[in-house]
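Engineer: As a plain string of letters, each chain reads:
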Amino acid sequence: MTTASIILLLIGTYLLIGLMVGVAFALVGVVRVDPAASQRGRAWRRFRALLIPGATALWPLVASRWITATKAPNGVGTPPPPTRSMRPERRIHLVAWCVLTPLLLVAVAWAWNARDVGLTGKDLAGTDEPGQGHKPEAYP
Amino acid sequence: MSNSYTTVQWNKHKRVYDLAVTAIVLLFIAVYFGVSKATHLGRESIADEILLIRSLAATAMVLLHIVLVIGPLARLNPRFSMLLYNRRHLGVITFLVALGHAFVAIGYYGAFGIRNPLSAALDYPTTFARVSAWPFEWFGLFALAVMFVMAATSHDFWLKNLSARWWKRLHLCVYLAFASVVLHVAFGAMQTEPSDYYPLVQLAGVAVVGGLHIAAGLKELVADRRVLGGDQVKHDHAASSSEHWIDVAGIDEIEPSRAKVVNIRGCAERIAVFRLPTDPAISMSDTSTASGEPPRFAALASVCAHQGGPLGEGQVIDGCATCPWHGYQYIPGSGCSPPPFTETVPTYQIRVLDGRVLIRAGKPAEPAAAPSQPAGAPTT
Numbered sequence: 144m145t146t147a148s149i150i151l152l153l154i155g156t157y158l159l160i161g162l163m164v165g166v167a168f169a170l171v172g173v174v175r176v177d178p179a180a181s182q183r184g185r186a187w188r189r190f191r192a193l194l195i196p197g198a199t200a201l202w203p204l205v206a207s208r209w210i211t212a213t214k215a216p217n218g219v220g221t222p223p224p225p226t227r228s229m230r231p232e233r234r235i236h237l238v239a240w241c242v243l244t245p246l247l248l249v250a251v252a253w254a255w256n257a258r259d260v261g262l263t264g265k266d267l268a269g270t271d272e273p274g275q276g277h278k279p280e281a282y283p
Numbered sequence: 361m362s363n364s365y366t367t368v369q370w371n372k373h374k375r376v377y378d379l380a381v382t383a384i385v386l387l388f389i390a391v392y393f394g395v396s397k398a399t400h401l402g403r404e405s406i407a408d409e410i411l412l413i414r415s416l417a418a419t420a421m422v423l424l425h426i427v428l429v430i431g432p433l434a435r436l437n438p439r440f441s442m443l444l445y446n447r448r449h450l451g452v453i454t455f456l457v458a459l460g461h462a463f464v465a466i467g468y469y470g471a472f473g474i475r476n477p478l479s480a481a482l483d484y485p486t487t488f489a490r491v492s493a494w495p496f497e498w499f500g501l502f503a504l505a506v507m508f509v510m511a512a513t514s515h516d517f518w519l520k521n522l523s524a525r526w527w528k529r530l531h532l533c534v535y536l537a538f539a540s541v542v543l544h545v546a547f548g549a550m551q552t553e554p555s556d557y558y559p560l561v562q563l564a565g566v567a568v569v570g571g572l573h574i575a576a577g578l579k580e581l582v583a584d585r586r587v588l589g590g591d592q593v594k595h596d597h598a599a600s601s602s603e604h605w606i607d608v609a610g611i612d613e614i615e616p617s618r619a620k621v622v623n624i625r626g627c628a629e630r631i632a633v634f635r636l637p638t639d640p641a642i643s644m645s646d647t648s649t650a651s652g653e654p655p656r657f658a659a660l661a662s663v664c665a666h667q668g669g670p671l672g673e674g675q676v677i678d679g680c681a682t683c684p685w686h687g688y689q690y691i692p693g694s695g696c697s698p699p700p701f702t703e704t705v706p707t708y709q710i711r712v713l714d715g716r717v718l719i720r721a722g723k724p725a726e727p728a729a730a731p732s733q734p735a736g737a738p739t740t
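First to last, the sequence lines map onto chains A and L.
To convert, note that position 89 of the first sequence is 232 in this note's numbering; the numbers rise steadily by one, no gaps.
To convert, note that position 75 of the second sequence is 435 in this note's numbering; the numbers rise steadily by one, no gaps.
Just so you know, the hints here were simulated from the structure itself, not pulled from any lab data.
Don't be surprised by glycine CBs; every beta carbon is placed ideally from N, CA and C.
A couple of the hints might just be wrong.
Computed spacing ranges between beta-carbons, pair by pair [to be verified]: (1) A/L246 - L/G402: 39 to 49 Å; (2) L/V422 - A/D259: 20 to 30 Å; (3) A/A257 - L/P438: 35 to 45 Å; (4) A/I210 - L/W370: 51 to 61 Å; (5) A/L158 - L/W526: 14 to 24 Å; (6) L/V368 - A/P222: 14 to 24 Å; (7) L/T399 - A/L246: 25 to 35 Å; (8) A/I210 - L/W526: 12 to 22 Å; (9) L/V587 - A/P203: 37 to 47 Å; (10) A/T156 - L/Y557: 40 to 50 Å.
Computed footprint of chain A on chain L, listed as stretches where at least three residues anywhere in the stretch have a Cβ under 8 Å from a Cβ of chain A [unchecked claim]: (11) 364–378; (12) 443–456; (13) 512–520; (14) 541–547; (15) 579–587; (16) 683–697.
Using the sequences and the hints, build the whole thing.
Structural biologist: Right under this line is the structure:
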């Protein structure tokens, strides 16, 4: 089994568990975590269905919040307190771009310089043939 | 956010916006496809599937750049704040176009064998000895995964239940997605394209997006460091000696229905000092001077409870302080959203003394929770 296959298997397993948790959360758990989601009507199925992808992606957090809500005295969860300051996020934003921008510029310039200048689009035409993979020049 | 949810908060304007964006996206894909086909003839002709892959990729890249520059543009110049409207829908459309690119690429390169197409497209002999042989697909897959999480959690349900802070932090991961997409292009398409067009455009894209974000971040840093609280302290002799009131502005320094945003030492966030119109029904003009009544002021935390938007850059509309990002509103005196909405922001004591507006330093007053009532649509 290759590394890629193992990584894909792990991702697939995570998403499969997440899908099961997500569907259960949309059907049952969501009203425990947030009573505001308990409304009925024509649109409630679509709203609940719209939650499934997010619950699938964040299923450990969703499961944790669901369990916490179930253990609460009144059986429902309370939303987190409102955010009163965004100063930390503003710092993260500035630091992230001060780091990312020069790194990306260098990476693109380096990748540009390291291109196989001897190979033209015509030479690489075979790389775009279906079923051949992308880079036959790298094959043994 | 309110005490109820809808599937998608569409209104007339958002429907028009989404339809227009969809039409432009389809037009862009068609033009890119058509021009590429017309300019690659004979021996240089390219398969339609590859042209479609490239068209979708180029569209997703352009959309991602647009999504990423809206935020800093709005921070640098409030005139661009209108672009923030419906940005989440633009992000979801970006993800869908990127998903289309991945779907066609994986199908074209991996679906003709007996193996799982995704595994076949990602799993091939590779080497790090040559840049052109790097497994660039993994960068694209990572970016797509991040965009999926962001699109999947773009609903207000997640914003409320993760809290604005953690929702924002989760969505800051779009920067990693952007970096990953740039590397995906640099080690992928750029390596098989002999012209210098791709690298130059990519360098320009990174420079523009990164430059705008750094400029906006520095502007915010300067604003955060401009703190009042030293020389501006005034003692109100009528009050207790322990009460410190900070002089924030002259009464004429603040435009009618607008706010001055100040930083006060010891406060967790900036404070928006709004000048209120005499008649709450009047939003864009102030009648206080004309009527001879003294202007009234209110001080609220300048962080909208919805997404942490800059409340102080908004204005008083219908008697409420209104966030410029999504139109969430707060009653100036209480900091509560008008019923049936339940959002709140802290308020600060304020008074006018000798023609100056003073704020009481210290802990803000947390507004009482608004009464729970049947929900309507948010004010977006």
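Engineer: Output the indices of the hints that this structure fails to meet, ascending.
Structural biologist: Result: hints 4, 12, 16 break, sorted rising.
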